[in-house]
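If you want the building blocks of each chain, they are given just below.
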Amino acid sequence: MSLETKGGMRMKAFAATAVVSFLLYLLLTAGSGDVGLVIGLWSVEEIAAGAVIALIVGVATRKMFCSSGDMRMANPVRWFTFLVYLIYPFFFSMAKANLDVAYRVITGKIRPGIVKIESGLEKDLAVLTLANSITLTPGTLTVDVDEETNDLYVHWINVALGEEEKEYADASKVCGSFPKWARRIAE
Amino acid sequence: MSILGLSPLMFLFYLFLLVAIVFNGLGMIGLLRFPDVYTRLHAATKCTTFGSIFLALAVIGYGLINWVRSDFADTTALTFMVHTFLALAALLLTNPTGAHALARASHRAGVEPVMAVVDRLKEVKK
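For the record, the sequence lines run as chains A and B. Heads up, the first sequence is in the working numbering, so the first residue is 1 and it goes up one at a time. Heads up, the second sequence is in the working numbering, so the first residue is 1001 and it goes up one at a time.
No lab work stands behind these hints: they were computed from the structure. Note that the structure is predicted; figures quoted are calculated from it, not measured. Errors might be hidden in some of the hints.
[Claimed, not checked] Below, simulated BS3-like cross-link-like pairs (lysine-lysine); rule was C-alpha separation at most 30 Å, straight line:
hint: 1; chain 1: B; residue 1: Lys1122; chain 2: A; residue 2: Lys173
hint: 2; chain 1: B; residue 1: Lys1122; chain 2: A; residue 2: Lys180
hint: 3; chain 1: A; residue 1: Lys12; chain 2: A; residue 2: Lys180
hint: 4; chain 1: A; residue 1: Lys12; chain 2: B; residue 2: Lys1122
hint: 5; chain 1: A; residue 1: Lys63; chain 2: A; residue 2: Lys6
hint: 6; chain 1: A; residue 1: Lys96; chain 2: A; residue 2: Lys6
hint: 7; chain 1: A; residue 1: Lys109; chain 2: A; residue 2: Lys173
hint: 8; chain 1: A; residue 1: Lys180; chain 2: A; residue 2: Lys123
hint: 9; chain 1: A; residue 1: Lys123; chain 2: A; residue 2: Lys63
hint: 10; chain 1: A; residue 1: Lys96; chain 2: A; residue 2: Lys63
hint: 11; chain 1: A; residue 1: Lys96; chain 2: A; residue 2: Lys12
hint: 12; chain 1: B; residue 1: Lys1122; chain 2: A; residue 2: Lys63
hint: 13; chain 1: A; residue 1: Lys123; chain 2: B; residue 2: Lys1122
hint: 14; chain 1: A; residue 1: Lys180; chain 2: A; residue 2: Lys166
hint: 15; chain 1: A; residue 1: Lys123; chain 2: A; residue 2: Lys6
Chain B with its partners taken away, still in its complex shape (with noise of 0.2 Å):
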């Protein structure tokens, strides 16, 4: 059975990376399209962190079924599915953390969201 010329758990993959390219791409544009630093947060740390989910889920099922394929002899299968885990499982931490940090740091410059109806933050800020 295939579907495109593909066996259907390639064809999963190639879907992954699709919507990983779309939500990259859709990150990138929010970026560039809303009005200021806390928007553009938004932007580049969802969607990045989601595209990019996608982009390792690829990554590791096709190095699992090549290391399945291969008996369990193909350890460069192997490797590449446990470090794209253990990249993701990082990400997944230190993507928010950073945005946090730079919008905290931006609060703290005095930078302000633009078209904010309420800043709860700058009401107690010394």
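Bound conformation, chain A alone (with noise of 0.2 Å):
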């Protein structure tokens, strides 16, 4: 990579994690500022607080916060497709997950494994994302990854008969869709 796209990649990533922080500062001190004037909802002590926090915060992590350098983040795209997922497959799975546990544990009636799926995904943000959903979705756990090859261990809470056998358990099984959604939104 030559100097000139280095220091433009590393002023992006500064200017993106700024951002990011000021406007999660914006949202911490809504409703400081006196309602009806130009500003409304945010007083200006306030606002050059945060574009000093901002600043500084930008400095000090852009290279946690744009670890990959891509920014591929940045597109809005994702973040929509985050908002779809987190209302239709993931809140109704989730639900579903809370009735099964909620069955299971005034029945009794469980069948425990840690089983290992394949996840196909490369980066570490769609993995989290992943890893993440099929803890709060029904009946599974992870319990670790595999850093290599990004396979997952996951505690089954009632695992399917037969998947005990195979050295992959199928993932639509244990997971339904989660890790196509997991490649649209962070691959």
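Both chains come to you apart, so use the hints to assemble them.
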């Protein structure tokens, strides 16, 4: 990579980090100003303090925040996909997961085991999304991840009959369409 | 129009609180009834996260109607709403991550899943 694009990349990472931290600061201080002024919800002092803090945070954490260096999450389509994902497949299966756990809490019917599934994902953020989604949905809990192949080890509270014999359990039985969504959102 | 002496919106928020209490309670019972650390984590993460989502929804909704009814002058209600929303986002991110860390640490420390029919992780451990 040439020096110039490296510098440009650094600027971009800094700008993205600063903007996100400034927005978060604004959210946390909403309602600090006199309502009816031009600025409305925020007082001038809070906006100034937020800007200064955002600059410092941007300098200090840009390497962590943009660790992959390709700025793919700056694409609003990904965030929109994420919102859609949160509402339809995710919240829906979370509700199902809770009824399922409630059923097992009451009846005590369990058939636990740790299975391995192939995630087929490459980026850390995508694996994180998938692992957290798995933990919050029907009867499954991510225990460990193979950092080379990104295979996930999943504790399954009610292993489907026959799945314990396969080396890789059927991902669609463990987590439905989640790998597909994780790829769309963060890969 | 009122249901049990409450406006429909307030009734909805009370309903959310009820759902939240039921699921948080189930999580607690699961914590006591399940046999080992992994199955207990199932109860502790799923039920409490789901319950807390409804708890947060009730608070956000209550803040929102108070803010709108005060002609957007009640900034306390706004703060209430926004902060609860941020807390909810943080919870959704940290709760499964924490459970994952606990499960991984237990497995590394040699705690085996009780009644397990299969344990693929044990096979690869050096």
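Now for the hints, and whether the structure bears them out:
no., hint, result
1, B:Lys1122 x A:Lys173, "22 Å, holds"
2, B:Lys1122 x A:Lys180, "28 Å, holds"
3, A:Lys12 x A:Lys180, "29 Å, holds"
4, A:Lys12 x B:Lys1122, "44 Å, violated"
5, A:Lys63 x A:Lys6, "13 Å, holds"
6, A:Lys96 x A:Lys6, "47 Å, violated"
7, A:Lys109 x A:Lys173, "19 Å, holds"
8, A:Lys180 x A:Lys123, "13 Å, holds"
9, A:Lys123 x A:Lys63, "16 Å, holds"
10, A:Lys96 x A:Lys63, "39 Å, violated"
11, A:Lys96 x A:Lys12, "41 Å, violated"
12, B:Lys1122 x A:Lys63, "35 Å, violated"
13, A:Lys123 x B:Lys1122, "25 Å, holds"
14, A:Lys180 x A:Lys166, "22 Å, holds"
15, A:Lys123 x A:Lys6, "21 Å, holds"
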